[in-house]
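S.K.: Chains as they are written, first to last, in my numbering: chain A, 1 to 107; chain B, 1 to 122.
These are calculated hints, taken from the structure and not from any lab test.
A few of these clues could be false.
[Stated by the list, open to error] Some chain A residues judged to face chain B by a derived CB distance under 8 Å, without partners named:
{"hint": "1", "residue": "Ala33"}
{"hint": "2", "residue": "Gly40"}
{"hint": "3", "residue": "Lys41"}
{"hint": "4", "residue": "Gln54"}
{"hint": "5", "residue": "Val57"}
{"hint": "6", "residue": "Pro58"}
{"hint": "7", "residue": "Phe61"}
{"hint": "8", "residue": "Phe82"}
{"hint": "9", "residue": "Ala83"}
{"hint": "10", "residue": "Tyr86"}
{"hint": "11", "residue": "Pro95"}
{"hint": "12", "residue": "Val96"}
{"hint": "13", "residue": "Gln100"}
{"hint": "14", "residue": "Gly101"}
Each residue gets a CB set at the ideal place from its N, CA and C atoms; glycine is no exception.
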Amino acid sequence: IQLTQSPSSLSASVGDRVTITCRASQDIGVYLAWYQHKPGKAPKLLIYAASALQSGVPSRFSGSGSGTDFTLTITGLQPDDFADYYCQQLKSHPPVTFGQGTRLEIK
Amino acid sequence: QVQLMESGGGVVQPGKSLRLSCAASGFSFGSYAMNWVRQAPGKGLEWVAAISPNGKNDFYADSVKGRFTISRDNAKSTVYLQMNSLRLDDTAVYHCATVISVLVVWNWFDPWGPGTQVTVSS
Numbered sequence: 001i002q003l004t005q006s007p008s009s010l011s012a013s014v015g016d017r018v019t020i021t022c023r024a025s026q027d028i029g030v031y032l033a034w035y036q037h038k039p040g041k042a043p044k045l046l047i048y049a050a051s052a053l054q055s056g057v058p059s060r061f062s063g064s065g066s067g068t069d070f071t072l073t074i075t076g077l078q079p080d081d082f083a084d085y086y087c088q089q090l091k092s093h094p095p096v097t098f099g100q101g102t103r104l105e106i107k
Numbered sequence: 001q002v003q004l005m006e007s008g009g010g011v012v013q014p015g016k017s018l019r020l021s022c023a024a025s026g027f028s029f030g031s032y033a034m035n036w037v038r039q040a041p042g043k044g045l046e047w048v049a050a051i052s053p054n055g056k057n058d059f060y061a062d063s064v065k066g067r068f069t070i071s072r073d074n075a076k077s078t079v080y081l082q083m084n085s086l087r088l089d090d091t092a093v094y095h096c097a098t099v100i101s102v103l104v105v106w107n108w109f110d111p112w113g114p115g116t117q118v119t120v121s122s
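Next comes chain A alone, as it looks inside the complex (with noise of 0.2 Å):
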């Protein structure tokens, strides 16, 4: 199963609103989780089952979604989310596979 993001990148301010997307190349229920990547750093689940916020992870970060179309949305950006954003699915396996993934950086 591929996933696709959009965009690759975008540039955002503090205090913004961002969504990045992700589509998967056939149905994959819910089975989709979002992960913020910063460089030298451990990767941090943010999402699983498309809208379950994981324990500790802000409010502030939403997924939704299901089949083939899914968000993440960040809702008052803080300096501490600019990063790199990926989606992993889970519905087919092996492989385990993630998008290519988005860098948002500070505008």
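Place chain B on chain A using the hints.
M.R.: Just chain B now, kept in the frame of chain A:
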């Protein structure tokens, strides 16, 4: 506090071998599946291998099948990745990751380690 820490990375020539380790602490290691995920320079995340909690089942990406072997020592709370016949395109940061639910192989990855750099170069 749950913690994962990789080690064993380095610079190696094509065709040679390297073994990575991932030491875990802060949770019941033997109850959780473990994974290796890599990120090549300028690329995204690529799942490499997974192993069941008891170590009896292992799974691989096609790109490493037959060359890499994942294993674990539950008494030492450590998972390994034996990498043989290394190629230039195996150059990457390698992360280990556990899953959020006990006793299942396929589940969401959390937490992850910070990674160890593997460079394959002649």
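S.K.: Are the hints correct? Go through all of them and say.
M.R.: Hints, one by one, checked against the model:
A hinted interface residue such as Ala33/A counts as satisfied when its beta carbon comes closer than 8 Å to some beta carbon of chain B; here the least separation is about 5 Å, so the hint holds. The beta carbon of Gly40/A comes within 7 Å of a beta carbon in chain B, closer than 8 Å, and the hint placing it at the interface holds. The criterion of a C-beta within 8 Å of any C-beta in chain B is met by Lys41/A, whose closest approach is roughly 6 Å, and the hint holds. Below 8 Å, beta-carbon pairs count as interface contacts, and Gln54/A has one with chain B at about 6 Å; its hint therefore holds.
Using the Cβ-Cβ criterion of 8 Å, the hint placing Val57/A at the interface with chain B is not satisfied: the shortest such distance is roughly 10 Å. For Pro58/A, the interface hint is violated, since its Cβ never comes within 8 Å of a Cβ in chain B; the closest pair sits about 16 Å apart. Restraint check, Phe61/A versus chain B: the minimum CB separation of about 14 Å is more than 8 Å; hint violated. Interface hint status for Phe82/A: violated, as the beta-carbon distance to the closest one in chain B is roughly 17 Å, over 8 Å.
Taken as an interface hint, Ala83/A does not check out: its beta carbon lies about 13 Å from the nearest beta carbon of chain B, beyond 8 Å. Against a cut-off of 8 Å between C-beta atoms, the interface hint on Tyr86/A holds, since the closest Cβ of chain B lies about 5 Å away. Taken as an interface hint, Pro95/A checks out: its beta carbon lies about 5 Å from the nearest beta carbon of chain B, inside 8 Å. Taken as an interface hint, Val96/A checks out: its beta carbon lies about 4 Å from the nearest beta carbon of chain B, inside 8 Å.
Interface restraint check: Gln100/A against chain B, minimum CB-CB distance 5 Å, threshold 8 Å, status holds. Look at Gly101/A: its Cβ gets to within about 4 Å of chain B, closer than 8 Å, so that hint holds up.
Hints 5, 6, 7, 8 and 9, counting from the list given before, are not met by this structure.
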